[in-house]
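K.L.:
What follows is the residue order along each chain.
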Amino acid sequence: MTDPNLGAPECPAAAQERRDRRVLWAVVVWLPLAVIAVATAIQLLWIPRLPEEVAVHFGVAGEPDRWTTPTRSVLGYLVLSLAVAASIALATFAGRRAMLRPADGARVRLLAQVRPTAAVAPAVSILIAVVVLVLTGAQLDGAEPAGWTAPVAVGAGILLGVLAGWITWQALPAPDRPEPSAATPALDLAPGERAVWTASATAPWIVFAIIGLAGACLIVPIVMAPSAWWLWGSLLVVVALLATTTGVRVTVDRRGLTARTLLGLRLTQVPLADVVSASDVEVLPGEFGGWGFRYDLRGRRGIIMRGGPGIEVQRRDAAPLVVTVSDARTGAALLNALAAAAR
Amino acid sequence: MIIRIDPASGTPLFEQLVRAIRSEVIRGRVTAGERLPSARDLADSLEVNQHTVLHAYQTLRDEGLIELRRGRGAVVAVEPDDLDAVRHLAASLVAAARERGLGAEAVHAVIREEFDR
Chain X
1 MTDPNLGAPE CPAAAQERRD RRVLWAVVVW LPLAVIAVAT AIQLLWIPRL
51 PEEVAVHFGV AGEPDRWTTP TRSVLGYLVL SLAVAASIAL ATFAGRRAML
101 RPADGARVRL LAQVRPTAAV APAVSILIAV VVLVLTGAQL DGAEPAGWTA
151 PVAVGAGILL GVLAGWITWQ ALPAPDRPEP SAATPALDLA PGERAVWTAS
201 ATAPWIVFAI IGLAGACLIV PIVMAPSAWW LWGSLLVVVA LLATTTGVRV
251 TVDRRGLTAR TLLGLRLTQV PLADVVSASD VEVLPGEFGG WGFRYDLRGR
301 RGIIMRGGPG IEVQRRDAAP LVVTVSDART GAALLNALAA AAR
Chain G
1 MIIRIDPASG TPLFEQLVRA IRSEVIRGRV TAGERLPSAR DLADSLEVNQ
51 HTVLHAYQTL RDEGLIELRR GRGAVVAVEP DDLDAVRHLA ASLVAAARER
101 GLGAEAVHAV IREEFDR
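Protein chains in written order, with full-length UniProt numbering: chain X, 1 to 343; chain G, 1 to 117.
So here's chain G without its partners, still in its complex pose:
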C-alpha cells in the first residue's frame, strides 16, 4: 500500500490521507483483515500530526472501509466480494446515466441524496 500526500496542495492533509487509503482499499491493494500501519508510525513516516492520521482513520471507519480496534489498530474491513458487488452495480448505474446524458456530478448528487434519505 502506498500513501502519498502533498503539503503544498490546497486539500487538507487528513483529506489527502483519506483519499489515498480509500483508493488503495477500493483497488484491493490492501484486503480484508490486513492491518494498516499504526497512527503513530504513519504520522512518523509522513511527518504529520498523529491526530491527523487518527482523524483520517475515523473517517474511513465511518465509511465502513476499516475497523478500529483497541490494541490491534486499524484493520481493513471491507470484503473483496462486497466491493465487487457494489462496483458491478456502479458500472450499470454509470451506463444508465451515460445513456440518458447525465454527467458525473449529477449522478453523485443523486447518490448522495439516496444516502441521506
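Chain X extracted, bound-state conformation:
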C-alpha cells in the first residue's frame, strides 16, 4: 500500500533501467538467436544441393580432414552456436550481478556496466555463422572446396564479427562521466606556510599470501630446470618487485600528490596545477574489481591497496584518480589548500 512506486509516475531512473534491460536482451539474446536462425535456415535450404558427405574440418594447410552428412553439419552448427550464445548471455547477466554497486551509492547504468561482454555476443554469433556459411557454400553443387576456402572463411568471419562487435560497442552507452565526490574542505594555511602530509596503505594479508604462493611456485622451475636460470631468475625478480608494491606511500606537498611503492618507486604524481579538487572517499576493492592499479566502472583510475578511506583527485586533463590511504581526510584537505594557493 505504501509502495512509492505504485500509482505515482515512474521515476526516470527506473524507466531507463527497464529500457536498458530490453536493449540488453536484444543485443545478447535476440540478435544472436536471429543470426543463428537465419544461418540455420540457409543451410537447411542448401541441403539438397550438397554432396552426401561435406567437409566440416580442415587441416593447417587448408585441406579437408573430416567429413559428415549435411544434416549432421547443420545440427552441429546449431548446437555449437547456441551453446556459445548461451554462455555469453550467462556471462553478461551473471557479471552484472557480481559487480558491486559503488560504496557511495552512485548509480551505474546497467548497459554501461555490461558493455564489454554484451558487445561480444553479436560478434561471436556472426563470426561462427559466416565461417560455417562460407565453408558450406563452397561445396554447393558438387564443388570441391579449394585450399583457400578455410582461411578466407575464418578471415571473413573475423572481419564481420569484429565489425558487428564494434557497432554494438558504439551503440551501447559509455559509463557516465562520474559525478565528482564533494570536495573535502581545504585546510587553513597561513600565507607562506608550508606543509607536507604523508601516509601509507598496505595490502591485506590475502595479497601477501598470493604473492607468497607465487614465490613458492617458483620452486618447480628451479628444481625441474635448474639450467634455465634466466627463466626462473627473471620470474623471481618479478615476484620480488610485486612484493614491493603491496604498500603505497602517498605524499602531498608543494609538488602535488605523489604515490610511491614502499621502495620509493614513483607510481604516479598529480602536480598541483592539475588538481581540480580532492575529496576523501570510502573505497570498496569490489568497485575497482580487485586490488592493484585499476579502472572502475565510472572511469576512475585507482591505486587500490585495500578497502577503506582513500583520496579521490579530480584532475584537469585526466580521469579522476583514487588512492587508498589512511588519514585520507587530512591529505585531501591539504591538497585542496595547496592547490588553491598555487592558483
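None of these hints come from the bench; they were simulated from the model.
Predicted model only: the values in this text are computed from it and were never measured.
Think of the CB as a built atom: it goes at the ideal place given N, C-alpha and C, for glycine as much as any other residue.
No incorrect hints appear here.
Label-pair restraints from in silico Cβ distances:
id : chain 1 : residue 1 : chain 2 : residue 2 : range
1  : G       : P80       : X       : C217      : 37 to 43 Å
2  : X       : G192      : G       : R117      : 40 to 46 Å
3  : G       : S92       : X       : G247      : 37 to 43 Å
4  : G       : R40       : X       : L242      : 23 to 29 Å
5  : X       : V238      : G       : D82       : 39 to 45 Å
Under 8 Å between C-beta atoms, here's a sample of chain X residues computed to sit facing chain G:
id : residue
6  : A190
7  : E193
8  : R194
9  : V196
10 : W197
11 : T198
12 : A199
13 : T251
14 : R254
15 : D327
16 : T330
The hints should help you fit chain G onto chain X, whose structure is shown.
P.N.:
Relative to chain X, chain G alone:
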C-alpha cells in the same frame, strides 16, 4: 602525518619541525614501527635545508620518540601503551596541581627539575 611550518614565525624552523612531528607521534597519528619520510624527502617537500630536518630528527631521537637507523631512516619508537601510561600519570599530575592552585608553568618547572635530577 601532517607537518606544517611557517618561515614567517619567530620560532626556528627545526624547532617547528620538532613540535609538529612530536605532536603527531603523541596523538598517535604515526605509531611505533612506522617510518618517517627520509630527511632528504622531507627537506625537499618543505623547502628547508636537509640539516634542519636531521637536527630535528636527532632532537626527537634524544627525546625517545623516534629511532634513527642507518639505511632505514627515522622510525617511530614509542609504543602506544607507554604513551598511554605516561598520559594517564600526567592527567593525575595536572588534577593534583589544579587542586592546589598551581599553574602550567610551575608544574613544567617541577617536571624539568625532576628530569634534571
